[in-house]
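Protein chains: 2
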Amino acid sequence: MADPTRIWTAALIVIGDEILSGRTQDKNVGQIATWLNVQGIRLREVRVVADDSDAIIESVNILRARNDYLFTTGGIGPTHDDITVDAIAAALGVAVEVHPQARAMLASYYETRGGLTDARLRMARVPAGASLIENRMSGAPGIRHGNIFIMAGVPHITAGMLDSLTGTLEGGLPVLSATIGCWVAESEIADLLGAAERAHDGCQIGSYPFFREGRTGANFVVRSTDASALDQCVAALSAALEQGGWPVVPDGI
Amino acid sequence: MADPTRIWTAALIVIGDEILSGRTQDKNVGQIATWLNVQGIRLREVRVVADDSDAIIESVNILRARNDYLFTTGGIGPTHDDITVDAIAAALGVAVEVHPQARAMLASYYETRGGLTDARLRMARVPAGASLIENRMSGAPGIRHGNIFIMAGVPHITAGMLDSLTGTLEGGLPVLSATIGCWVAESEIADLLGAAERAHDGCQIGSYPFFREGRTGANFVVRSTDASALDQCVAALSAALEQGGWPVVPDGI
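Going line by line, the protein sequences match chains V and X.
First residue of the first sequence? That's 1 in full-length UniProt numbering, and the numbers climb one at a time after it.
First residue of the second sequence? That's 1 in full-length UniProt numbering, and the numbers climb one at a time after it.
Chain V with its partners taken away, still in its complex shape (with noise of 0.2 angstroms):
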């Protein structure tokens, strides 16, 4: 049986001006790193760089080694402003290539919306030895070589791939996590929070202040992969907060 507490790790690549000019706002990150979690893999490391050759090859090489899986979102698309695959094969050191069943997707989707132009033959272009991954969503598949996964920049269809690779990749056990609210400083409870995580081996607690409706509060989060030393955590840490003075409002604010 495999290692239980072997830690299996993903890093991501979001590749894209749009989101390092202001103009688009992320949503592939919180989408993936939700996923992961499930699948038993933790994200460690995301980056974000510009449609820039350089940027993606360092960062691609740096990150795949690092870690079990690297995933890279964007740049996959028909247009000169797509260089993700070019620059993922350059970092893999391997040629560009048509793959067959890509063509054949493609030829088939837009057998009826025009025909497959060279622009979108663009689409069916690989890092030569890599395999596909199915998009349901649209004609152009996502591509998986080794452990890098290249998904689409649009959110839905990159969640379709997502689908199609569930349950497909190793993972350890999920993190769990729980949740509580107080409304309090988190400045007045710092010490009791710290030595709750102190006397709980396995758990990670993490806290998040905000304000709202006029007031200050904090929600609290315990992480563990262990169900019994999360619960004790979290019943031990709601039993401090009540009797310092502070409710807990089960499940967060």
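Treat the hints as calculated values from the structure; they're not laboratory data.
Ideal Cβ placement from N, Cα and C applies to all residues, glycine included.
Be aware that a few hints might be false.
[What the hints assert, rightly or not] According to the in silico footprint, chain V covers these stretches of chain X (three or more CB under 8 angstroms from chain V):
hint	region
1	47 to 54
2	123 to 136
3	190 to 196
Dock chain X against chain V, hints included.
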């Protein structure tokens, strides 16, 4: 006079397990990117790292060296998971010290809120040699050390800190942009887009496809630091699209 062709760059490190777990949707990338552009500074790279000292140190030292400015968000509160100041001090090889002015600000802010406890005093700690960034929203200031700007994780507090920095950082020409939209599959006009970009020096064209109201469309964003080049590129691209039979929607769809 300064070189008008000089490009000023910034990087951003978003520090926080809550973003990498998918629990919290980041809002700082967009607001900092937009603000930087108005200052004439381009956001070149973003990294999202965990609440992990080694990860913060590595990214701080790489990104501060190759950009004019480095911003960080998150991890400057009073709790045990707030390790940004210590990690940045370690990256710089300097001690952590209590800043007397920050201490005075916090003492004043908490005078009517229960007093300045040890936990709250943590928010007056800075890497030795730092100056402060005003925070009009709550007691704890941001921190500047050389070309590093250490900001809050809570977006509205960071917004206030950015406001107090407005106009104080040297930058170059801001990047101007104009958007036009079209109900067209981007694969149909990929060649036309590439040709328009090649024909207009100093302009970049980004293509952002979408599927909405049951139809395929795309927005094209033209960017340039030269207003007249930008106008010419938009006019030429619009004319080419119209001639191809694709009506253009000014300002995008």
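We went through each hint and held it up to the structure:
no.: 1; hint: 47 to 54; in the structure: holds (count 5)
no.: 2; hint: 123 to 136; in the structure: violated (count 1)
no.: 3; hint: 190 to 196; in the structure: holds (count 4)
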